[in-house]
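Trainee: Here is what each chain is made of, one letter per residue.
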Amino acid sequence: EAEVAQSPRYKITEKSQAVAFWCDPISGHATLYWYRQILGQGPELLVQFQDESVVDDSQLPKDRFSAERLKGVDSTLKIQPAELGDSAMYLCASSPGQYGTGELFFGEGSRLTVL
Amino acid sequence: SQKIEQNSEALNIQEGKTATLTCNYTNYSPAYLQWYRQDPGRGPVFLLLIRENEKEKRKERLKVTFDTTLKQSLFHITASQPADSATYLCALDRAGGFKTIFGAGTRLFVKA
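Listed in order, the protein sequences are those of chains A and B.
Counting in my numbering, the first sequence runs from 929 upward without gaps.
Counting in my numbering, the second sequence runs from 79 upward without gaps.
Derived from the structure by calculation, the hints contain no laboratory data.
Just to be clear, a hint being listed does not mean it is correct.
For lysine-lysine, the following DSSO-like pairs were computed, each having C-alpha atoms within a straight-line distance of at most 30 Å [claimed, not checked]:
{"no.": "1", "chain 1": "B", "residue 1": "K81", "chain 2": "A", "residue 2": "K999"}
{"no.": "2", "chain 1": "B", "residue 1": "K133", "chain 2": "B", "residue 2": "K95"}
{"no.": "3", "chain 1": "B", "residue 1": "K189", "chain 2": "A", "residue 2": "K1006"}
{"no.": "4", "chain 1": "A", "residue 1": "K990", "chain 2": "B", "residue 2": "K133"}
{"no.": "5", "chain 1": "A", "residue 1": "K939", "chain 2": "B", "residue 2": "K133"}
{"no.": "6", "chain 1": "B", "residue 1": "K177", "chain 2": "A", "residue 2": "K1006"}
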């Protein structure tokens, strides 16, 4: 069964360092999402791609976060510099429909701890 | 502002009983509503989707209702099992599919 792949699974870093997360969505899925989930809360959308274009990044802290999906397939989310408050689970999801209608398929997430 | 509310307290039930979880929303007119299951340290897994013109949807032991007048969805698990213990997330979508918004989830514990 096709899955959304994410790496690394766990990342521990010190504040002010740079960190990057990678996501490979299910083949053929046009829409890709990055969510952040703080412990005890629901996932919060950071950025949404339709193919290689950003369709929503209104909640992305652009002073330190960046995301790209250059060829409309896999995607990278970067944080530079990391802050203590960035400790969270970073979830990637994809969906097959145009503009992400319907079911989201999530990866297992990347757990970030900032010391 | 737009808001999704789920029971913040954990729900504890006995095996075999029906679990009922609530999702309320305000200042929102979703085209459809979804329910996901999330186990600790794992990504959410899709369970059910119900559209604004549907009142009820079922899948095996799961049932979802959607009342757009009350702005509420109820999620039922019948004949609950300890394996159903997890956090259940409600998610709303605007028409056109832009931006799926999640609630904080309700933790369910099913005791044997």
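Trainee: Are there hints from earlier that the structure breaks, and if so, what are their numbers?
Mentor: Violated: hints 1, 3, 4 and 5.
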